[in-house]
Amino acid sequence: MNLDLRIPMGLMFTLVGLILTVYGFSTQGSEIYQKSMGINANLDWGIVLLIFGFTMFLLGRRGQREALRKPQKPAPEGTIRRGH
Amino acid sequence: MLLYFVFVLGIGFALKRYMKTSKDFFQAGRALPAWICGLAFISANLGAQEVIGMGASGAKYGIATSHFYWIGAIPAMIFVGIFMMPFYYGSKARSVPEFLRLRFDEKTRALNACSFAVMTVFSSGISMYAMARLIQTLHVFDYIFLSAGLPLGYIFHFSILLSAIIVLGYIFLGGLTSAIYNEVLQFFLIIAGFLPLVLIGLKNVGGWSGLKASLPSPAYLHSWQGMEHANTNPLGVEWFGLAMGLGFVLSFGYWCTDFLVIQTAMATDTQENARRVPLIAAIPKMFFPFLVILPGLLAIAATTPKAVTTTKVEANGAIVRNTSFPSEAELKGQGLVPAKTNPLTGKIMLDASGKPLLDYDLAIPSMLLHYFPTGILGLGLTALLASFMSGMAGNVTAFNTVWTYDLYQSYIKKGASDRHYLAMGRWATVGGILLSMATAYAATGFNNIMDTLQLVFSFVNAPLFATFLLGMFWKRATGNGAFIGLISGTTAAIIHHGLTLPIEAHPGLHGGWIAIVHHYPSDMAQNFWTAIWAFSTNFVVTIIVSLFGKPKPESELVGLVHSLTPKPELGHLPWWRRPEALAIVLLVMVVGLNIIFR
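In the order they appear, the protein sequences are chains A and B. Under the numbering used here, residues 1 to 84 are what the first sequence spells out, in order. Under the numbering used here, residues 1 to 598 are what the second sequence spells out, in order.
Think of the hints as simulated: they come from the structure by calculation, not from any bench. There may be inaccurate statements among the hints.
Claimed, not checked - A few chain A residues that face chain B, going by a derived Cβ cut-off under 10 Å, partial list only: (1) P8; (2) F13; (3) I19; (4) D44; (5) L68.
By construction, the Cβ of each residue, glycine as well, lies at the ideal position given by its N, Cα and C atoms.
Model the full assembly from the supplied sequences, consistent with the hints where possible.
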């Protein structure tokens with residue numbers, strides 16, 4: 001496939017994670033965390049998502065590069081290729 | 001949330017340049033990796049009914065709800081991967097109805113294609129309606145509307161329009177690839193949104209042991225207790241009805257024949273990968289109960305909100321005292337599950353014995369609102385919306401494929417250029433979404449339309465699996481047999497429904513509209529037994545009619561029937577990479593889970 005899904009997905013989660021982390025960091029100790037029983041859910045989960053997103057992004061980049069280096073795989077038997 | 005919408009449409013645009021042929025559009029060029037399709041396979045099924053409904057059942061029945069996963073999905077997913085995928089993928093059929101044409105005949109396919117097309121449109125409309133209602137109930141957009149000076153009554157229309165435009169946007173541009181990519185995205189988003197909810201919720205009630213202690217009854221944590229008899233367990237079903245009705249007929253009928261999920265497996269590059277797709281999908285599916293059922297349990301176990309008074313000393317020395325009162329519905333509910341209110345009068349609805357009815361559907365949404373602070377709350381709500389959209393998108397792509405290949409190309413305009421069909425597919429997407437919107441609005445007008453539709457679907461779907469089973473494993477089965485069998489199976493379902501009634505229900509939509517010959521302990525039991533009757537009738541009738549007819553010559557059935565198809569060549573793979581090995585691991589795991597939570 002021409003677009004490795006892990007790249008846009010990684011980007012999205014990195015961004016979401018970043019927003020949550022920054023927001024969580026700036027609202028440390030705020031009373032909005034009474035709801036989540038004193039846990040700074042934004043900061044903690046933001047970091048988790050940040051790591052997840054960035055890993056996905058790196059894996060996707062690597063996969064994409066490898067796919068480009070390798071010549072196109074021959075079509076497996078039994079598939080009809082039309083168009084192209 | 002905005003970010004998510006931007007990315008969703010961005011993927012559509014990025015993929016647009018690759019959509020050159022109808023094959024790219026409808027079948028994703030048959031070139032996607034197995035793990036992506038595997039996640040899309042479950043995500044397509046992860047619609048509104050799934051997340052909200054399973055959370056609701058979790059709050060209502062407890063861990064027993066996991067039967068829908070461990071009995072009602074995993075075995076069927078293993079079966080479709082190991083036994084049925086070679087025929088779907090190998091037969092070069094482009095859709096499930098097309099497989100029926102190759103195996104049986106034109107009329108069986110037309111019957112299946114028409115009923116399927118109608119069902120997909122209606123289900124996506126139901127998703128749309130449920131989503132708009134939920135947005136309204138949770139007041140997600142209230143702030144935006146108030147600050148823009150718009151009346152709040154427009155929120156419903158706005159939500160429907162918004163979801164329609166987004167789903168239309170990415171499917172119109174990127175076809176099945178885009179739908180699959182977005183389904184995977186939604187899959188991760190749902191996990192990202194719900195996992196912290198489970199973690200915080202568990203911490204709140206004091207971990208697993210705390211959960212055990214605060215549940216209204218210990219039976220909530222057992223899935224097999226009291227299964228010997230229908231009256232001794234919360235589901236009201238005995239083990240035979242459960243295993244046969246849910247575990248065999250209903251789940252195999254869904255996972256093995258519904259093009260909505262099969263299409264994602266058919267988008268992979270090789271047959272081995274197509275077989276692996278349902279098996280890969282089974283792994284996360286097995287653990288989904290912890291993500292969607294557990295929040296329901298936690299909602300019941302949590303303490304019911306009470307009036308909270310907070311005292312705060314402000315910078316200027318003034319002491320401010322704030323008291324927040326929960327609404328009447330919240331007070332009358334159990335745990336975090338609010339009582340059901342009548343949407344017209346706003347009064348709390350009571351059951352026959354005067355106790356307030358609980359609105360279980362709000363179990364997960366009210367958990368989100370209760371535990372999540374601003375910030376992550378946006379993520380949680382987006383995850384909830386994503387779950388609705390992934391269900392809609394799967395229905396819409398299945399609809400445009402079946403409409404274009406099985407109805408338009410076969411009966412309306414044959415032999416047009418590939419370009420023409422590609423354009424048709426795009427416009428079918430638009431048409432499908434418009435019809436869904438019409439359904440969503442119809443649902444606002446008629447209170448019972450959703451229940452009625454789901455009932456009709458169950459009549460049509462229940463017998464389906466018998467046709468495929470006989471078609472794939474018995475070469476004598478004929479087209480006439482399949483066609484008459486399908487119709488009589490559906491008829492049997494209707495008659496059975498008309499003759500039986502769950503206890504505590506009034507004759508009518510719940511059954512018993514012909515005469516009442518039998519009472520079931522619950523509507524779930526009735527539903528399972530309707531399926532069992534429909535399946536058996538179809539099975540028997542197809543065999544009888546087939547024996548009187550002339551079967552297709554064997555040469556035409558190669559690749560379509562088990563005994564006439566060469567075994568898939570797997571010699572080049574080490575044993576642990578074969579789909580069968582994965583299947584056995586999965587079986588062991590699912591049995592293990594059942595034993596742990598017996």
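For each hint, the structure was consulted:
1. P8: holds, 6 Å
2. F13: Hint on F13 (chain A): holds, closest Cβ of chain B at ~7 Å, below 10 Å.
3. I19: Result: holds, 8 Å to nearest chain B Cβ.
4. D44: Since chain B brings a Cβ to about 8 Å from D44 (chain A), closer than 10 Å, the hint holds.
5. L68: violated, 15 Å
In this structure, the one hint that does not hold is number 5.
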